[in-house]
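Assemble chain B onto chain A, guided by the hints.
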Amino acid sequence: MSIFIDNRTRLLVQGITGRDGSFHAKQMIEYGTSVVGGVTPGKGGQKFEGAVPIFNTVSEAVAETGANATVIYVPPMFAADAMMEAADAGIPFIVCITEGVPVLDMTRVYSFVRDRGARLLGPNCPGLISPGKSKVGIIPGQICTPGPIGLVSRSGTLTYELVFQMTRANMGQTTCVGIGGDPINGTTFIDCLEAFEADPDTKAVVMIGEIGGNDEQEAARFVKEKMTKPVVGFIAGQTAPPGRRMGHAGAIISGSAGTAAEKMQAFEENGIAVAKRPIDVVQLLRQA
Amino acid sequence: MNIHEYQAKDIFRNAGIPIPAGDVATTAADAEAIARKFGGTVVVKAQVHAGGRGKAGGVKLAKNPTEAREIAEGILELTIKGFRVEKVLITPAADIATEAYVGIIVDRASKRAVFMVSPAGGIDIEEVAAATPDKIMRLPVDPRYGLLSYKAMQMGFFLYPDLKQARAAAKIMQQLYQAFITSGASLAEINPLVTTPGGDVQALDAKMVVDDNELDRRPDVAALRDESSEAPSEVDARNANLTFIKLDGNVGCVVNGAGLAMATMDLVKYYGGEPANFLDIGGSSNPEKVVSALRIITSDPSVKAILFNIFGGITRTDDVANGIVTATRQNPLTVPIVIRLTGTNEEIALKILQENGFSAMTDMDEAVKKAVALATGKAA
Numbered sequence: 001m002s003i004f005i006d007n008r009t010r011l012l013v014q015g016i017t018g019r020d021g022s023f024h025a026k027q028m029i030e031y032g033t034s035v036v037g038g039v040t041p042g043k044g045g046q047k048f049e050g051a052v053p054i055f056n057t058v059s060e061a062v063a064e065t066g067a068n069a070t071v072i073y074v075p076p077m078f079a080a081d082a083m084m085e086a087a088d089a090g091i092p093f094i095v096c097i098t099e100g101v102p103v104l105d106m107t108r109v110y111s112f113v114r115d116r117g118a119r120l121l122g123p124n125c126p127g128l129i130s131p132g133k134s135k136v137g138i139i140p141g142q143i144c145t146p147g148p149i150g151l152v153s154r155s156g157t158l159t160y161e162l163v164f165q166m167t168r169a170n171m172g173q174t175t176c177v178g179i180g181g182d183p184i185n186g187t188t189f190i191d192c193l194e195a196f197e198a199d200p201d202t203k204a205v206v207m208i209g210e211i212g213g214n215d216e217q218e219a220a221r222f223v224k225e226k227m228t229k230p231v232v233g234f235i236a237g238q239t240a241p242p243g244r245r246m247g248h249a250g251a252i253i254s255g256s257a258g259t260a261a262e263k264m265q266a267f268e269e270n271g272i273a274v275a276k277r278p279i280d281v282v283q284l285l286r287q288a
Numbered sequence: 001m002n003i004h005e006y007q008a009k010d011i012f013r014n015a016g017i018p019i020p021a022g023d024v025a026t027t028a029a030d031a032e033a034i035a036r037k038f039g040g041t042v043v044v045k046a047q048v049h050a051g052g053r054g055k056a057g058g059v060k061l062a063k064n065p066t067e068a069r070e071i072a073e074g075i076l077e078l079t080i081k082g083f084r085v086e087k088v089l090i091t092p093a094a095d096i097a098t099e100a101y102v103g104i105i106v107d108r109a110s111k112r113a114v115f116m117v118s119p120a121g122g123i124d125i126e127e128v129a130a131a132t133p134d135k136i137m138r139l140p141v142d143p144r145y146g147l148l149s150y151k152a153m154q155m156g157f158f159l160y161p162d163l164k165q166a167r168a169a170a171k172i173m174q175q176l177y178q179a180f181i182t183s184g185a186s187l188a189e190i191n192p193l194v195t196t197p198g199g200d201v202q203a204l205d206a207k208m209v210v211d212d213n214e215l216d217r218r219p220d221v222a223a224l225r226d227e228s229s230e231a232p233s234e235v236d237a238r239n240a241n242l243t244f245i246k247l248d249g250n251v252g253c254v255v256n257g258a259g260l261a262m263a264t265m266d267l268v269k270y271y272g273g274e275p276a277n278f279l280d281i282g283g284s285s286n287p288e289k290v291v292s293a294l295r296i297i298t299s300d301p302s303v304k305a306i307l308f309n310i311f312g313g314i315t316r317t318d319d320v321a322n323g324i325v326t327a328t329r330q331n332p333l334t335v336p337i338v339i340r341l342t343g344t345n346e347e348i349a350l351k352i353l354q355e356n357g358f359s360a361m362t363d364m365d366e367a368v369k370k371a372v373a374l375a376t377g378k379a380a
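For the protein sequence lines, the chains are A and B, in the order given.
Note that our numbering numbers the first sequence so that position 220 is 220, with each residue one more than the last.
Note that our numbering numbers the second sequence so that position 246 is 246, with each residue one more than the last.
Excised from the complex, chain A in its bound form:
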């Protein structure tokens, strides 16, 4: 098994005719994801790559295709509306790749989506992949391989680095999830840990955090109280100065809160093995 997506996932791509949307739609189709439709207002009735039907609105697309997931590649100023449109159309799983969504927009989107019972992943995230089954987002498929490890991360390329090293060490993955680097995101570490704990095929979990906020600390307490599976952790930003936004909107040490040291300590206190370097994750997984 896997979490959130598998071979029953029927995916829509919002922004399928855009530069990023079209490139990644092709990559997802090549990987084997069942892309059942695309949405671009004004291009309804056309076909993407001669095969995938395009619709003007998400509700039309859902009615015609029976989509049960969507991935959003629209520009930041339109992303909030796209997420809410998807939730209103009854899509239960919404992935937003777009970086640069204003945080005040997200305060509205978060309650809107939750009130409609949908799960939102992102924004500002690489999406997720269940190797060999389905990929939604931009994680390069060729670095992943099926296996028993679940991975959840706030980062993109750092995730690729770790997945790559795991794959080279013959440690395959059930699902790799990027929850995104923004201060307000739809899915948290705890949501993913809960899903990995419930997934019978996942035997161990890797959690990759970074500076800013206290999601990692709360996740660490969750691991101690609720999880039976071993968890290995890594935190990026040990050398980050306070008060500066380190690329990700959410990666900022506020005052003295949200430091890497604080998070690594929370990991250790709650039984999570802490990798000092990315490569150490592989060794710690072997011992787990």
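Accuracy of the hints is not assured; some may be wrong.
One-sided and incomplete, this derived list gives chain B residues near chain A with beta-carbon spacing under 10 Å [stated by the list, open to error]:
| # | residue |
| --- | --- |
| 1 | G51 |
| 2 | D124 |
| 3 | V128 |
| 4 | F180 |
| 5 | G257 |
| 6 | M262 |
| 7 | M265 |
| 8 | Y270 |
| 9 | G282 |
| 10 | F311 |
Note that these hints are calculated values from the structure, not bench results.
In this text, a Cβ means the ideal position worked out from N, Cα and C, and glycines have one as well.
Below, chain B alone, put in the same frame as chain A:
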């Protein structure tokens, strides 16, 4: 994006918040003229993007225009937490009976804008939170309804037992919330909110941080950016669409992706070096970005070695290789460079680099170790 106190005050004033008059001076002579216009005692306040201005000697009282000139002259020569003071704000000194704190932040845990108010104002709110947490009231705002009047009154009464003052404070909080939303802020703060001996409620200081992601749709707010108060290398990087933060070390880092960039800095430190910067060239693979990145890094004289760490996903490593070749043709390097790249189009990238006299590695740890050795002069 940080804005100055005087800019935040203009925004708050336009929202209707009572704030004493004030004018900005860039020279001591202007400061004197402004002090003369206001008459009486004035406060001279450094306008820099740094907290703790008072402790750093950036906020002082002046009893008369001559003193205002002398004080402004001193403050305009200060550097506070690395920021040179280019402007001072002159305001008439107020008589203060009490000082309170009112702030709004976007709270990650509740995923909403949250008010924080305290009758213990005038000092760092983090200190109040640590020492006397019961003196802080926190109130999340539902974005669908905004700040409802009764909630504003709850906070007003938390600050002042007097009805008239509680009402005045509640009104200010609603005005502050409006200013916060319409500016696309991630933080708005009045510290202190004072009462005068006559019973009036006024904002004596103003702080606002704007969400960078809002600037594209709020050109009026974006225009408030003061580039003279930022490090030139950071301004240059932003104009090239790069995220760059200057640090104190000597290993210049060029990385794709924020998480990997932080992890690379950490690894430099792990192997005994010090990173000179955080630099994320982002997800797209544009050779121009690499050229800009190298220009910015090499203009820092403390950089003794350059480290590229590229994990090609969306980023095509051959584009990065081409960028390195172009940039070094334009401006030959004077410091050693270590290139690690792996992922999309790795074979092509390695070939491009070899043909142009560069060597490249595929292992991150080995590359970092080598860069640290070169920077510290311990390379074999």
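Each hint tested on the structure:
no., hint, verdict
1, G51, "holds, 9 Å"
2, D124, "holds, 9 Å"
3, V128, "violated, 12 Å"
4, F180, "holds, 9 Å"
5, G257, "holds, 3 Å"
6, M262, "holds, 4 Å"
7, M265, "holds, 5 Å"
8, Y270, "holds, 6 Å"
9, G282, "holds, 9 Å"
10, F311, "holds, 5 Å"
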